[in-house]
Amino acid sequence: MRLINRHPSRSGGLMLLLLPFIVLMAVYFTGSSMRLAVNPDDKLLPSAAQMVDAVKDIAFNADKRTGEYLLWDDTVSSLRRLGIGLVVSAVIALLAAIATGAFPMVSAAFSPFITVISMIPPLAVLPILFIVFGLDELSKVVLIVVGITPMIIRDLHARVSEIPTELWVKAQTLGATSWTLVLRLVLPQLLPRLLVAMRLSLGAAWLFLIAAEAIASTDGLGYRIFLMRRYLAMDVILPYVAWITLLAWLADELLRRLTQWAFPWYGGGTR
Amino acid sequence: MIEIRNVWKEYGDQIVLERLNLRVQEGEFCSMVGASGCGKSTFLRLLLGQERATRGEILLDGERLPREPDAHRGVVFQRYSVFDHLSVVRNVMLGLELPRAKFMGRLFGARRRAARDEATAMLERVGLGAALDKYPQQLSGGMQQRLAIAQALMMKPRVLLLDEPFGALDPGIRKDMQELLLTLWRESKLTIFMVTHDLKEGFTLGSRVLVFDKVRVDPQAPGAYGARITYDIALDHSRDCASSIHMARATVEGASRVEAVSA
Numbered sequence: 001m002r003l004i005n006r007h008p009s010r011s012g013g014l015m016l017l018l019l020p021f022i023v024l025m026a027v028y029f030t031g032s033s034m035r036l037a038v039n040p041d042d043k044l045l046p047s048a049a050q051m052v053d054a055v056k057d058i059a060f061n062a063d064k065r066t067g068e069y070l071l072w073d074d075t076v077s078s079l080r081r082l083g084i085g086l087v088v089s090a091v092i093a094l095l096a097a098i099a100t101g102a103f104p105m106v107s108a109a110f111s112p113f114i115t116v117i118s119m120i121p122p123l124a125v126l127p128i129l130f131i132v133f134g135l136d137e138l139s140k141v142v143l144i145v146v147g148i149t150p151m152i153i154r155d156l157h158a159r160v161s162e163i164p165t166e167l168w169v170k171a172q173t174l175g176a177t178s179w180t181l182v183l184r185l186v187l188p189q190l191l192p193r194l195l196v197a198m199r200l201s202l203g204a205a206w207l208f209l210i211a212a213e214a215i216a217s218t219d220g221l222g223y224r225i226f227l228m229r230r231y232l233a234m235d236v237i238l239p240y241v242a243w244i245t246l247l248a249w250l251a252d253e254l255l256r257r258l259t260q261w262a263f264p265w266y267g268g269g270t271r
Numbered sequence: 272m273i274e275i276r277n278v279w280k281e282y283g284d285q286i287v288l289e290r291l292n293l294r295v296q297e298g299e300f301c302s303m304v305g306a307s308g309c310g311k312s313t314f315l316r317l318l319l320g321q322e323r324a325t326r327g328e329i330l331l332d333g334e335r336l337p338r339e340p341d342a343h344r345g346v347v348f349q350r351y352s353v354f355d356h357l358s359v360v361r362n363v364m365l366g367l368e369l370p371r372a373k374f375m376g377r378l379f380g381a382r383r384r385a386a387r388d389e390a391t392a393m394l395e396r397v398g399l400g401a402a403l404d405k406y407p408q409q410l411s412g413g414m415q416q417r418l419a420i421a422q423a424l425m426m427k428p429r430v431l432l433l434d435e436p437f438g439a440l441d442p443g444i445r446k447d448m449q450e451l452l453l454t455l456w457r458e459s460k461l462t463i464f465m466v467t468h469d470l471k472e473g474f475t476l477g478s479r480v481l482v483f484d485k486v487r488v489d490p491q492a493p494g495a496y497g498a499r500i501t502y503d504i505a506l507d508h509s510r511d512c513a514s515s516i517h518m519a520r521a522t523v524e525g526a527s528r529v530e531a532v533s534a
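Protein sequences, first through last, are from chains U and F.
Residue 101 in this note's numbering sits at position 101 of the first sequence, with consecutive numbering throughout.
Throughout, this note's numbering is defined as the position within the second sequence, counted from one, plus 271.
Please note: incorrect hints may appear among the correct ones.
[Stated by the list, open to error] Residues from chain F shown here face chain U by an in silico Cβ test under 7 Å; the list is partial:
| hint | residue |
| --- | --- |
| 1 | Q321 |
| 2 | F348 |
| 3 | Y351 |
| 4 | L365 |
Simulated from the structure, these hints should not be mistaken for laboratory data.
Glycine included, every Cβ here is placed at the ideal spot set by N, Cα and C.
One chain only, chain F, in its complex shape:
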């Protein structure tokens, strides 16, 4: 469904990503891991349309992605993912109002009530049914991310992009959020790309793990070579193959450790 063909991303002289080739099927959950500064988030921004590839192309269902963000691709950032001037329910309603009201950007009367009901149902799914009329800064960090996920899912996007969505949360809340995300993913058969720093999170959540790393490093010119996808590991959580997952993790961890030592 998504095909990445020989994508490069350069900022001036600095090459961030080089020769990325990837095919992702509908319904896959790709977690993207790697050292910081190796282009995971850049890759996510390319998928989002926030930035453009210097070379190569990204195809969605055989067609080039539009050059700006659109309603087919939902996103949840680590911070600033929700609109602080709107209450919780209005935040989620926004995704219904904007496409339906092209001129005013808001709905009135019966259509507005219908949108509110739809938004309320979605908020109950993510466990925010009791906080409908609160403002985001009255919510905890975990609840804000729940809201951001609900807001993104309301659009029924083809692809959901997550940029370290749980990076700023406490471990306990993080675990709840991971379970919530898995449930939503199974229910809605979304295609998800998630950037994470946390290898464990990447392996527990993903159905496929993409490891970003620099294959070639020129110590004189750190920007001369970009990162590639060095490991592309398909995980099968349904069968009990914990041992193979462990093996894969060990390989990746070993590789990144070697990288850290040499760097």
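So here's chain U without its partners, still in its complex pose:
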């Protein structure tokens, strides 16, 4: 049988799914124990026990100076920034995409402009954001918004043109005005595609969040990682990276299920 036609069985599939994770763990802990055997004070590849201790300390013991639980406080502030940034970007992108996608006059004026704007590297304008919006919460959220909105607008704009011409014509023959056509055809057709676009831009949103936190912040997951780097505290950094990965995966999964649940007619939720 050709290799392209061979599919794993159910249990075989599960094994194959776990395999790369197990290999990664095995490689890491072998390396870790080899290094620790040579030098017990080695900080580069901490053992599982060391990481568990560090996580216990940072997640379940209140900080002696501030009385805060660092991991949870970092998580809450980072997720708040990420959430606000994503929602604001989604709303702006939806409005802009409807305006440029549905009205040729608006499109003629703004589509090339948006294409040019989306070419600006967001991190290059980060200093401007800090100067204009200060170093507090606002500039971090604005960086996420500046970073991902043009991308989502361009994606959604393409999605509007995916709506078949037949449907635009049909809606007009059913007595739609420009406004009700947007309300009853374009908006419902775009909402699931917006969720998909948000899923795709999650990665970029995390990137900009951690970049902003690394440069100017006093809390947040990105801030903690960059702070711990000074002490070479890999026993904290590695669990933090794993935690961020888990959060990112959960956010993606949540958006996927939301798409499937809220828009059962849309096939894209399975992708």
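Fit chain F to the given chain U structure using the hints.
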């Protein structure tokens, strides 16, 4: 009722339709046949208002057609005719909601229930009474076209335009749909324009067959001349004149065959 006066349609250098003149009375069923690329669908889009004639004018009851699609002209396309984000009954209700709710585009409360009842009655007429709350992609191709027809008829349009509505259906289902369409046409006294590839379909359904063809062809410049209506055949299905229909069909088929050979 509909009058077409010296209509031309050109795309740049390419002339698609030239010198079309036609008068159609209320209640006629015009099937439009011809080789592909000879402008039948373009003509339908002109009637629909989706495109504009380069020259000439199309009059509905003596007045120029609006330059965009409107509620007087219903349409059923071969594909993408129904809204995939709405359930079957909501698809049909849309035609009631949009004209009645200018701001929200949807109805609420008692008016909504009334619209739902009206839509349900229409869906039962086309045989979709059992699929009210399904989404279009859960329906077969034939049922989707039934839905599209119900949706268009809900508006009680003056003119119904069909662009190869049954082109993608299996022969058996096609026959059912043709019967359904004839029944609806007789009941509602609509004026129908239907584009079809299928000569037989054109002749069995239509009360009048319009054959589109290029009269002049310049082999050096295929786009230099447009298509015209070369045959305009009135059929009388009520009297038994099957033989004359056959004669007419034979003429048209012969003509298109000659065309195919010379091309």
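Hint by hint, here is what the structure shows:
With a least beta-carbon distance of about 5 Å to chain U, the hint placing F/Q321 at the interface is held under the 7 Å criterion. Hint on F/F348 holds. Least Cβ distance to chain U is approximately 5 Å, under the 7 Å limit. Hint status for F/Y351: holds, given a least beta-carbon distance of 4 Å to chain U, under 7 Å. Annotation: F/L365 was flagged as interfacial toward chain U, and the flag holds, the nearest CB pair being 6 Å apart, inside 7 Å.
The structure agrees with every numbered hint stated previously.
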